[in-house]
Amino acid sequence: MSNPLANQLDPRVKAVWRITDAITLTLVFLGCVATFFLIAVFDEESSWAWGVCGAMAAIYAVLLVLLLAVIPPIRYARWRYQISPDYLQIERGIVWRKRFVIPFIRVQNTDTQQGPVLRMFGLSSVTVATAAGEHAIPGLDSEEAAQVRDKAAELARIAREDV
Amino acid sequence: MAPQNPAPRPPAPRVEDRVAPAVPAAGASVPQAGAPTAQTGVPQVQPAVAPAVPLSSAAPISPGTQVAPVVCAAPAVPDASAGETPLEGEKLHVHSSYIWLGGLKSIFAVLFALAVSMSGTLVGLLADGIDPGGGAAIALIIVGITAAGAALVAALAFLGTWWSWRHLYYQITPDEFALYSGIFNKKQVHVPYQRIQSVDQRATLLQRVLGACTVQIETAGGSSNKAVVVPYVTRDRAEWLRRELFSRKQQLAAGQKAPSSERAVVAATEADGAGNVLDVGVELWDEVGSVFGGQGVETGRVSYEYGLTNKELVLTALSNNTAFVVVLVGLVTGAAQLVGEVLPMFFGSNDAALDFVIDQSLRLFGGNAAVAIAVALISFALVMWGLSVLSTCLTYGGFKARRRDSRIEVERGLLQHQFSGVDVDRVQSVVVRQSLIRRIMGYCELSLGKVDSVTGDGEKQANVSEKGLVIHPFVKMSRVPEILSGLVPEFADVPTAPIPVAAVALRRAILRRAVWLGGGFWCAVVGCVLAAFAPQIAWALADVPSDVDEVLFVLTIVTAGLIALGLVLFVLEVVSAVLWARESSFAVNRSFMQVTNGGLARESVTFPRKKIQFAFTKTNPFQRLARTATIVAVTAAGVGGTKVSLVDAGREEAALWLEWAMPGGQDCDLAGFGAVKVNKGSSQ
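These protein sequence lines map, in sequence, to chains W and A.
The numbering used here applies: residue 196 is where the first sequence begins, and numbers increase by one.
The numbering used here applies: residue 28 is where the second sequence begins, and numbers increase by one.
Please keep in mind that the hints were generated in silico from the structure rather than gathered at the bench.
Some hints here could point you the wrong way.
[Said to hold, decoys possible] Keeping only pairs whose Cα atoms sit at most 27 Å apart, straight-line, the calculated DSS-like set for lysine-lysine is: (1) A:K645 - W:K209; (2) W:K293 - A:K670; (3) W:K293 - A:K213; (4) W:K293 - A:K427; (5) A:K213 - W:K346.
Owing to the predicted nature of the structure, the values given are computational and were not obtained by experimental measurement.
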């Protein structure tokens, strides 16, 4: 809480967030607006549908600005992690700030994932799973991610099984 | 033991007496040593305890051999009948009752479907008005076809279940337990012994009569790891299986690392002879033995055991939460009905308009009808309550919890028997839960958190896992330490210096629990809004202007009720919040953590540090302003983990706690915690 953790994510992750969030938001927007748009086009009398479409578009624009310009830098600044010999610490959250301690001896498996967007930027995400839930570090350089994964896996292997 | 309690039946020790003849003369002397002692008149209240107690106290015969606990000799010990003891690697089929009980089940299902589909045609035929002479013939033919069809279906069903029975078997191999099933889609499940969390057995009424049960082996848990279910195993085979699995697991663990599991079990505690009326029923079950039940297998040394007293059983049933809610709802609705009927009479009739309203409402509710409805509702609630009390009694009838070697075993249920056995290393937490009623009476419910896995057959399991493994449904708070030290002595070293929530937590708790999340507050708000706009609403609702007064009257009653209810709830929530702030705390020491959340209902969770899967602290902007934080420890109990959290611990305490949760942090920060406490004390 007092002293921030050592490592930050790869800066390129901001671009990844922007792209994925923009895609998700656009899809949601299109899904919401489609019905009203069709009503407005085919039913001449219901001019209110245009109003709804307009309001939705306005909300969409505001959210898009938020997600593209405002949130990623803050989120990036707040997202920190640190790997100690025995445990992993994660600190994240803008409004609700959380700080996790995950002992490696409780880790059951670790893996790296790479979606298309992450691959475009040469990034990977590392997932660390315990018996009670999993944690992901979303944007790490692929090599670094492999290192983190191997280290976590190695430490998890020597751990006693005591669920 | 309870010597004053004369044995109600002839002193026929259940286990050792009948086992003795089958044991080779030179072999295990344990059962033989137990038998004569038992025959000299040890009361048979807890037959299973009998071998443990005489062993440690009076030991005239071959003292050297008696020290060996029964369970350690596991794989080689000749059991109930040496000839039947399965060998390692042998293919073991489940009991043959699988065929005809399972077949019966499918027959019933098919017959039901058949009956439903046929009834339509039959009715149609009869309704068509066929002539009397031909009608009989047709009916006969129909009956004949139906009978033939039923016979065919039955034969097919039995054939099918027989076939699947042939392909259903399990194996105990050196490394793992294996279950094979499936006729066309072959399925194999392999469970390494070390992954076994608990072995439970359940029996429905029919299975119970036959002495069979369903064994359920739970592994790591979570939604992806389903429990392994072995259906229709005879009772002694089930007990043998359980002992075998646990002992093999122990052996593997001992072979791999230092024998940490060989923890000294506390000296055999005097198991109290507490019992209740329903225990007689259970003993009867044991006596009658059920058809294929077998004679029972000695599975280890019992060091502590208890049941429920009559009082505890009845109180459990009476204070059952659902029962309480049902009664409350019934009473409230009934009372509301009565009030709705009686209220107008108090106003007197000095107003023509009011007279009209009374007249209307009387006509609306129909005078006596209201009373009748109220009475019906209340009596319905009472009947439901009675039923729920009865079902709880049956559920907890024959309740027994015991410590056997390193396992905790709980069995209960008069009709549907349920038996759970969990290794103490697998116990995630000890939960002391006090509902409002229990709290007022000074009682609590004790349960153990354990890893639960999902089974195919749904919601009942989910119901169970919600509460963990209940080791005592209704126990006096003063008896809790005794039970815990007997049943789970590993949890004896609980932290003693609780660190309370921050001082500011009181204000925040009242705001959070009574205002933002408070049902009462919002109820009252809605009531006030309604009251403020009552005239407008009445105008809008009334069809005819003359109805406005009437609508307004009803509206007034509704808003008054809402506001009153809201105020009552609000007061309760404030009280609860104040209690929460005063009682809630967390405490840690080297190896344990305890979190207490107070309020009208209270819950205290104790869990070992090494069972914490991960830990985190959480703050929202207001908490950062107030310099507090929520601490959350996540254990693997339940399905997919359980979060144990405490809102609004002081920020410094939370940070120190997080350091305590880090590997290697158990020692260094104990001093830190003390320092925090001292600093706080001196600064205030």
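- Quick one, are A:K645 and W:K209 close enough, alpha carbons at most 27 Å? Given pair A:K645, W:K209 holds - Cα atoms ~24 Å apart, limit 27 Å.
**Study point:** 27 Å Cα cutoff - pair W:K293, A:K427
**Key:** This hinted pair is violated, its Cα atoms lying about 43 Å apart.
**Asked** Is the hinted pair A:K213 and W:K346 satisfied, with a Cα-Cα distance of at most 27 Å?
**Response** violated (38 Å)
ask   = Taking 27 Å as the top limit, are the C-alpha atoms of W:K293 and A:K670 close enough?
value = Distance ~14 Å between W:K293 and A:K670 Cα, so the pair holds.
Given the hint that W:K293 pairs with A:K213, test it: the Cα-Cα distance must not exceed 27 Å.
violated (47 Å)
In this structure, the hints that do not hold are numbers 3, 4 and 5, in rising order.
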